[in-house]
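Protein chains in written order, with our numbering: chain B, 1 to 292; chain G, 293 to 584.
Hint data in this document are derived by calculation from the structure and do not stem from the laboratory.
All values reported here derive from a predicted model rather than from experimental measurement.
A few of these clues could be false.
[Said to hold, decoys possible] Interface residues of chain B toward chain G, partial, derived using beta-carbon atoms under 10 Å:
no.	residue
1	190
2	193
3	194
[Claimed, not checked] Here are some chain B residues the structure puts well away from chain G; computed CB gaps all over 12 Å:
no.	residue
4	63
5	74
6	104
7	163
8	205
9	208
10	209
11	225
12	231
13	233
14	237
15	247
16	255
By construction, the Cβ of each residue, glycine as well, lies at the ideal position given by its N, Cα and C atoms.
Listed here are the chains, written in short residue letters.
Protein chains: 2
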Amino acid sequence: MLSAGRNPPVRTWILAAMRHLRLLHGRTHPSRVVPKYRIKFHYTELKGMPTASSAPSLHVLVRREDVDPARLAGRVVVVIDVLFATSTIVHALGAGAAAVYPARDDGDARAAAARRPGVVIAGEYMARTLPGHAPATPLALALHLVRGGDLVYLTTNGTRAIAACAGAAAVYAGALGNATALARHVVARHPGQPVLLLCAGSLGRFSLEDFIGAGHLARALRAAGDYAPTDAALAAEFASMGIDPGRALSTSRVGRIVAGAGLEAEIAHAAACDTCDVVPVLRDGVLVRAQA
Amino acid sequence: MLSAGRNPPVRTWILAAMRHLRLLHGRTHPSRVVPKYRIKFHYTELKGMPTASSAPSLHVLVRREDVDPARLAGRVVVVIDVLFATSTIVHALGAGAAAVYPARDDGDARAAAARRPGVVIAGEYMARTLPGHAPATPLALALHLVRGGDLVYLTTNGTRAIAACAGAAAVYAGALGNATALARHVVARHPGQPVLLLCAGSLGRFSLEDFIGAGHLARALRAAGDYAPTDAALAAEFASMGIDPGRALSTSRVGRIVAGAGLEAEIAHAAACDTCDVVPVLRDGVLVRAQA
């Protein structure tokens, strides 16, 4: 497709320009030549850089509004809402809940609860617990759960993102706590299938904590299997290597809001990587633990 | 706004849950407790983390399609198309071009050229030089320029992004080569004004090289002045600290395409940070060097 660079005159121009550039460098102010930042690079820890291959793609979308439902068919989707929807779902299933119904909106949550007498219903909107609902954060909600019981769960971004992905080949809930377990499961269960890491975001906004979570999941997937990462997936990987998760979560916009409400322990819990092997998968409209 | 966490029962639940968590940890498989990645964190090099402040916002959009023209008023916009539109504009003005007309499309470019007899017209679409145009990459194009002459320039993403920002308070072209000079200029010339770093992207796709460029510019701006970074700006900063620019550019999708066409020298040139003090600003529809 591209031929200009193989054209001998173009090569000659480039060599001439490189000589020209050295002259230009001589005119550059010395203070500009020294890099401003003392950066330690550690990209050698990344799994091999992408090459042309037949490996399935690994992509990241930074907010649920960017999902094109027509492009979900055949894809494995991992929804990521680190503060707190998917972290809560992972923790709730780990704490013994049998199934979590991810509600699309308030009416959907009420209808789902009406079909399940005695079910626990938890929810928040804009980080506030909804009236009459159990709290929507992992540690606080776990105290309301009944072992073997169901949960109806409504959040501003995460459960809506899960509900929007019904057309995918498979839908999982990903968090920092289950990144490696989830990655190994996806590689084993869906060989050769493209994977989309869907950051829930925050009402159309980019969420730092979800992007960092996507970076950890992308690295875990590429450690476990062979994928062709897109530019967005690589950017998420690099970002997740530029800061530690606890710092990222408490620095994020949502993290600062919930820390201001005294929920630092919830943030610290959500920031802990690879603490459990719970793999929540969407089956018949509810999230259940996938079989290993 | 948020009060649940200040509620004594909620604090009690959280403490109980923390005790519960330690029990849960006892059930965790030991191999999952050890972090998988040997990550060296260096976030202490970042300028102070954001706090509630009256500092102007610093935001990053990952593709030109995400621009809301209604929200440009009062904002300083820096358009970033590292491979190669804005890198080329910086280099062309540094090499002596008087003004660069950023064309919206082919017809716009032809009309602009017709109004400027003898002007150099350069352009590419999807990384191929357009027929009858000078090449659109920094080093190759510089050999076609006349000192003091004008340039009409059309690219797939970058010049279209610049043309789409006419409603902003000011529009600049940013690249790795002029990051620090541009940041110092913006801080001095636009005190207190919000800044939007607009990644051109690639036909609606996220471009790694532009996001890395935005990260370098965000860090340069926060080194020079006081800004409140959004989550997207912080993510770009972290990503730019997770990999060195040369590696990022050659790893990106566009970088792999142009490297395949033999343009490695152009990539290396575009990846060099802070090599010049050229600050291209949009004035009366053309990009010219801003006065220091």
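Cross-check of the supplied hints:
| no. | hint | verdict |
| --- | --- | --- |
| 1 | 190 | violated (20 Å) |
| 2 | 193 | violated (21 Å) |
| 3 | 194 | violated (15 Å) |
| 4 | 63 | violated (10 Å) |
| 5 | 74 | holds (19 Å) |
| 6 | 104 | holds (24 Å) |
| 7 | 163 | holds (23 Å) |
| 8 | 205 | violated (7 Å) |
| 9 | 208 | violated (4 Å) |
| 10 | 209 | violated (8 Å) |
| 11 | 225 | holds (14 Å) |
| 12 | 231 | violated (4 Å) |
| 13 | 233 | violated (9 Å) |
| 14 | 237 | violated (7 Å) |
| 15 | 247 | violated (6 Å) |
| 16 | 255 | violated (9 Å) |
Hints 1, 2, 3, 4, 8, 9, 10, 12, 13, 14, 15, 16 from the list above are not met by this structure, while the remaining hints are.
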